[in-house]
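Residue numbers (this note's numbering), protein chains in the order written: chain A, 96 to 595; chain B, 96 to 595.
Treat the hints with care, since some could be wrong.
For chains that are exact copies, the list does not tell them apart, and a pair is met inside one copy or across any two.
What the hints assert, rightly or not - The calculated DSSO-like cross-link candidates involving lysine-lysine, where the alpha carbons are at most 30 Å apart (straight line), are: (1) K319 <-> K481; (2) K192 <-> K145; (3) K319 <-> K145; (4) K588 <-> K104; (5) K145 <-> K104; (6) K472 <-> K325; (7) K319 <-> K472; (8) K431 <-> K181; (9) K104 <-> K150; (10) K261 <-> K472; (11) K275 <-> K575; (12) K145 <-> K99; (13) K150 <-> K99; (14) K543 <-> K261; (15) K325 <-> K313; (16) K218 <-> K99; (17) K275 <-> K483; (18) K104 <-> K301; (19) K483 <-> K150; (20) K431 <-> K527; (21) K481 <-> K164.
Rather than coming from a laboratory, the hints here were simulated on the basis of the structure.
Number of protein chains: 2
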Amino acid sequence: MSEKYEQLKALLAEVADLNSAAAVLGWDQQVNMPPGGAEARGNAQATLGKIAHIKATSEEVGRLIEDLKAEFAGADPDSDEVRFVKVASRDYDQATKVTPEWVAEFAVVTARAHEAWVEARSKSEFSIFQPHLEKIVELGKQFVAFFPPSDHPYDILLDQFEPGMKTADVRAIFESLRPKQVELLRAIADAPQVDDSFLHLHYPDKQQWDFGVSVITKFGYDWKRGRQDKSPHPFTTSFSINDVRITTRVLEDFLNSALFGTMHECGHALYEMGVNQAYERTPLNGGASLAIHESQSRMWENLVGRSLPFWEHFYPSLQQTFPSQLGNVDLNTFYKGINKVEPSLIRVEADEATYNMHIMLRLEIEIGIVEGSMAVKDLPEIWNTKMKEYLGVVPPDDAQGVLQDIHWSGGMMGYFSTYALGNLVSAQLWEKINADLPDLADQIREGKFDALLGWLREKVHRHGRKYEPQELVQKITGSKIDAAPYVRYLTRKFSDIYGL
Amino acid sequence: MSEKYEQLKALLAEVADLNSAAAVLGWDQQVNMPPGGAEARGNAQATLGKIAHIKATSEEVGRLIEDLKAEFAGADPDSDEVRFVKVASRDYDQATKVTPEWVAEFAVVTARAHEAWVEARSKSEFSIFQPHLEKIVELGKQFVAFFPPSDHPYDILLDQFEPGMKTADVRAIFESLRPKQVELLRAIADAPQVDDSFLHLHYPDKQQWDFGVSVITKFGYDWKRGRQDKSPHPFTTSFSINDVRITTRVLEDFLNSALFGTMHECGHALYEMGVNQAYERTPLNGGASLAIHESQSRMWENLVGRSLPFWEHFYPSLQQTFPSQLGNVDLNTFYKGINKVEPSLIRVEADEATYNMHIMLRLEIEIGIVEGSMAVKDLPEIWNTKMKEYLGVVPPDDAQGVLQDIHWSGGMMGYFSTYALGNLVSAQLWEKINADLPDLADQIREGKFDALLGWLREKVHRHGRKYEPQELVQKITGSKIDAAPYVRYLTRKFSDIYGL
Numbered sequence: 096m097s098e099k100y101e102q103l104k105a106l107l108a109e110v111a112d113l114n115s116a117a118a119v120l121g122w123d124q125q126v127n128m129p130p131g132g133a134e135a136r137g138n139a140q141a142t143l144g145k146i147a148h149i150k151a152t153s154e155e156v157g158r159l160i161e162d163l164k165a166e167f168a169g170a171d172p173d174s175d176e177v178r179f180v181k182v183a184s185r186d187y188d189q190a191t192k193v194t195p196e197w198v199a200e201f202a203v204v205t206a207r208a209h210e211a212w213v214e215a216r217s218k219s220e221f222s223i224f225q226p227h228l229e230k231i232v233e234l235g236k237q238f239v240a241f242f243p244p245s246d247h248p249y250d251i252l253l254d255q256f257e258p259g260m261k262t263a264d265v266r267a268i269f270e271s272l273r274p275k276q277v278e279l280l281r282a283i284a285d286a287p288q289v290d291d292s293f294l295h296l297h298y299p300d301k302q303q304w305d306f307g308v309s310v311i312t313k314f315g316y317d318w319k320r321g322r323q324d325k326s327p328h329p330f331t332t333s334f335s336i337n338d339v340r341i342t343t344r345v346l347e348d349f350l351n352s353a354l355f356g357t358m359h360e361c362g363h364a365l366y367e368m369g370v371n372q373a374y375e376r377t378p379l380n381g382g383a384s385l386a387i388h389e390s391q392s393r394m395w396e397n398l399v400g401r402s403l404p405f406w407e408h409f410y411p412s413l414q415q416t417f418p419s420q421l422g423n424v425d426l427n428t429f430y431k432g433i434n435k436v437e438p439s440l441i442r443v444e445a446d447e448a449t450y451n452m453h454i455m456l457r458l459e460i461e462i463g464i465v466e467g468s469m470a471v472k473d474l475p476e477i478w479n480t481k482m483k484e485y486l487g488v489v490p491p492d493d494a495q496g497v498l499q500d501i502h503w504s505g506g507m508m509g510y511f512s513t514y515a516l517g518n519l520v521s522a523q524l525w526e527k528i529n530a531d532l533p534d535l536a537d538q539i540r541e542g543k544f545d546a547l548l549g550w551l552r553e554k555v556h557r558h559g560r561k562y563e564p565q566e567l568v569q570k571i572t573g574s575k576i577d578a579a580p581y582v583r584y585l586t587r588k589f590s591d592i593y594g595l
Numbered sequence: 096m097s098e099k100y101e102q103l104k105a106l107l108a109e110v111a112d113l114n115s116a117a118a119v120l121g122w123d124q125q126v127n128m129p130p131g132g133a134e135a136r137g138n139a140q141a142t143l144g145k146i147a148h149i150k151a152t153s154e155e156v157g158r159l160i161e162d163l164k165a166e167f168a169g170a171d172p173d174s175d176e177v178r179f180v181k182v183a184s185r186d187y188d189q190a191t192k193v194t195p196e197w198v199a200e201f202a203v204v205t206a207r208a209h210e211a212w213v214e215a216r217s218k219s220e221f222s223i224f225q226p227h228l229e230k231i232v233e234l235g236k237q238f239v240a241f242f243p244p245s246d247h248p249y250d251i252l253l254d255q256f257e258p259g260m261k262t263a264d265v266r267a268i269f270e271s272l273r274p275k276q277v278e279l280l281r282a283i284a285d286a287p288q289v290d291d292s293f294l295h296l297h298y299p300d301k302q303q304w305d306f307g308v309s310v311i312t313k314f315g316y317d318w319k320r321g322r323q324d325k326s327p328h329p330f331t332t333s334f335s336i337n338d339v340r341i342t343t344r345v346l347e348d349f350l351n352s353a354l355f356g357t358m359h360e361c362g363h364a365l366y367e368m369g370v371n372q373a374y375e376r377t378p379l380n381g382g383a384s385l386a387i388h389e390s391q392s393r394m395w396e397n398l399v400g401r402s403l404p405f406w407e408h409f410y411p412s413l414q415q416t417f418p419s420q421l422g423n424v425d426l427n428t429f430y431k432g433i434n435k436v437e438p439s440l441i442r443v444e445a446d447e448a449t450y451n452m453h454i455m456l457r458l459e460i461e462i463g464i465v466e467g468s469m470a471v472k473d474l475p476e477i478w479n480t481k482m483k484e485y486l487g488v489v490p491p492d493d494a495q496g497v498l499q500d501i502h503w504s505g506g507m508m509g510y511f512s513t514y515a516l517g518n519l520v521s522a523q524l525w526e527k528i529n530a531d532l533p534d535l536a537d538q539i540r541e542g543k544f545d546a547l548l549g550w551l552r553e554k555v556h557r558h559g560r561k562y563e564p565q566e567l568v569q570k571i572t573g574s575k576i577d578a579a580p581y582v583r584y585l586t587r588k589f590s591d592i593y594g595l
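Next comes chain A alone, as it looks inside the complex (with noise of 0.2 Å):
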């Protein structure tokens, strides 16, 4: 192997390096961190970053990535070498690209708009967070303009998150998305209701901790490389591949929060613990794009975990936990409960056949306010239009609606449509394993996921970020992200339980 490739490798094992210490502790952070730590904590984790931003842009890893371009010109594309100098040369883009002064204005700029944004919520009133949000508006548009043009300037913004996916494709894939949602959920509007008030009866923590780490134990979750703790908004976290932790939170008196919420980080967990081992503090290790890793936990948080199958293994063993609580209640039911579907005004509650109009939602606003056809000021309004419009419901204030979720006070613009693009993906593979995999169901009846996540490591897991989104789901499936399984599967779904 080059010279040269062993040079950068260990110029990025140093990047990767310094990343995971400052994963470790933002977990600690979390997790564990006395309040009076918080100042320390802050300084340790910014100068970790601006020495990994220095390494990782030094003139040295940019003069290495050129030079392996043109010396693996006639390579394999799809060799792991060339595809390590692909990612390493889009990292160092992204990375250098941005000026340091820019950079150090977003800082200031997000930290006061989070504190503007906290009181806006609080206070339910708009104004005090809309000059912020328009300074960052602001911000994002100075950020795409470091690039070259794009074919919409959204896309800029979209390819943080999701390598090389467009504006276009992502509207596409909602402009057919949309109707078909919309038509779902007037038809379970006017069907009868499911019960789901025994989910709101007392449940203990403990007994709700145990029976999330059997189910997840049953996954595959591997504890030997990996542990799971308590913290307010759960999260998954990777050191290594070798050392991934997940956090739950238990809510006493709503069974679902703990239950699907272990499911869904331990669906992240798993793809980060089965990344291919070679790919260890390179470039290549992590997950494709957000969509892809939400793809993974819903996957187990929805496609098994709300599935009939999986209740008829588990649903004894839950009842046998809480006898007082689901003890009459049936099987059917249960399943029903879990899967009521309510238009509301949150999206973090939102059920599986709600959600994504809440993602669609923000996706247009944001591409309207970024390309100009939307101004911030007209937000509330133009939210509470398109609620009443694609849910039906009106928030009574902007801290129900505009003012709801935190990542435009910090910035993050382009973000929320990996969220919807996740269900999407986790629905096509769905498909594409059941044929691979045609006794799917029966496994899971038994409680069985080996052949699940031997399937997921072999397409998905393994290859960390070697490929883009949109080529790895093409090289699954035949296709690119479609919206056509996921709408099979919603309809199939709640057409059973609300007898459409």
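Please build the complex by placing chain B on the supplied structure of chain A, with the hints as guidance.
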């Protein structure tokens, strides 16, 4: 303030941040890390260590230190700024005098030596460890040669852990201590033994933990700036003056382990938490030396925690916590039991009266092998002879003799004496504290520790690394480190307990 001073401060703040990050990674490794994370953690720590070393030893840091020494030539030698530069200069010298080749060889040799030591101890065969220890002694001599000649070669080794301390000083201190301590031990051996069988009953984990927490909360451990976890080897670590964490180990068949271990680590933590907040992210943060640190941990563990006034306050609640185990054990019996003296083979299990004998033996051996008057191959025999002479017991094998401690296998020569010096300093400070706070025993009897903690903060903690250990002790007590107060303390305490 000088611009160069601000520059140096900014550079060393980054070094402090990197060390803080490394400390978080180290804590996580011992408290939380799943086994799979070990390799990645080793890489991340190596990268952090390497970058911190490069930054701490940069020419720019060296130049600024020299410039500032000149600039501050006429300034108050006790000002924080002058002391900052002095300590920074000392750290810089320590870090730059040694060649990178030596550092690399030391890492390799000690890694192999550690493995050999583990095997040697498990088989109780000194010959397996001997060639490795010889190599380590050789490296120790090379280390000494990097520095300007001192009165004794061992000074250089000692100076790493006890800045400014001389071999001649330590020897003189221990010469005055040894005969008195041997005499006391002989008298105790002739007296009837006390009973401590009740300490070895079954004490459930949770109650032990909770009792320890209630004690150190009264000591003044600040839970907003720290936390306690479990680990196989208890330790204290600091990521910041405002994030100082301790660990403990609970043995259900021996009450002393968690009880006194928790107080011991709390003593270390109170020191780190009490450093002047202005020293955060500077070389002045931390403890003055290992001996001063140990004086704090041993004071809370022994002078406070193994005293009669302490148990006059806490024993009723301990009895309530463990009624079946201690309900019929009266205060005086309990007090004698926790202070039982019994010459033993293993240092870490030694009581207050015998502990220093274990240290003196090790110090004499370290000095002997560094100056060449003892050969490594003769150590088992030398060890056993001295054990017989000092403690009246002879190890049945080398595992319980010369092979018992991990320190030498890690290349730590010059470290052991700090344990005994810490004991001496604790008693020396204690005499001064009692002179300044004449009702201290009564306060402790009422469970009040704020005047004691306030005194320690004012006299010891807030100064951090500003003063060298001998200088600090002199400043507080009017004399350098002295064995007499400790001898007085031991004699009084054990004469009472054993009716001598």
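Consistency of the hints with the structure:
1. K319 <-> K481: neither (47 Å within a copy, 45 Å between copies)
2. K192 <-> K145: both (16 Å within a copy, 28 Å between copies)
3. K319 <-> K145: between (32 Å within a copy, 28 Å between copies)
4. K588 <-> K104: Result: close neither inside a copy nor across copies, 47 Å intra and 63 Å inter.
5. K145 <-> K104: Answer is both: 20 Å inside a copy and 17 Å across each meet the 30 Å cutoff.
6. K472 <-> K325: neither (38 Å within a copy, 53 Å between copies)
7. K319 <-> K472: So K319 and K472 fail the 30 Å test inside a copy (51 Å) and across (41 Å) alike.
8. K431 <-> K181: neither (47 Å within a copy, 72 Å between copies)
9. K104 <-> K150: both (12 Å within a copy, 22 Å between copies)
10. K261 <-> K472: within (27 Å within a copy, 73 Å between copies)
11. K275 <-> K575: within (19 Å within a copy, 85 Å between copies)
12. K145 <-> K99: both (25 Å within a copy, 22 Å between copies)
13. K150 <-> K99: So K150 and K99 pass the 30 Å test inside a copy (16 Å) and across (26 Å) alike.
14. K543 <-> K261: Answer is neither: 38 Å inside a copy and 68 Å across each miss the 30 Å cutoff.
15. K325 <-> K313: both (20 Å within a copy, 28 Å between copies)
16. K218 <-> K99: Neither way: K218 and K99 sit 57 Å apart in one copy and 47 Å across, limit 30 Å.
17. K275 <-> K483: The answer is within: 17 Å in one copy meets 30 Å, while 89 Å across copies does not.
18. K104 <-> K301: neither (45 Å within a copy, 48 Å between copies)
19. K483 <-> K150: So K483 and K150 fail the 30 Å test inside a copy (49 Å) and across (58 Å) alike.
20. K431 <-> K527: Cα proximity of K431 and K527: one copy only (26 Å, versus 74 Å across).
21. K481 <-> K164: So K481 and K164 fail the 30 Å test inside a copy (47 Å) and across (68 Å) alike.
Checked against the numbered hints given earlier, the structure breaks hints 1, 4, 6, 7, 8, 14, 16, 18, 19, 21 and satisfies all the rest.
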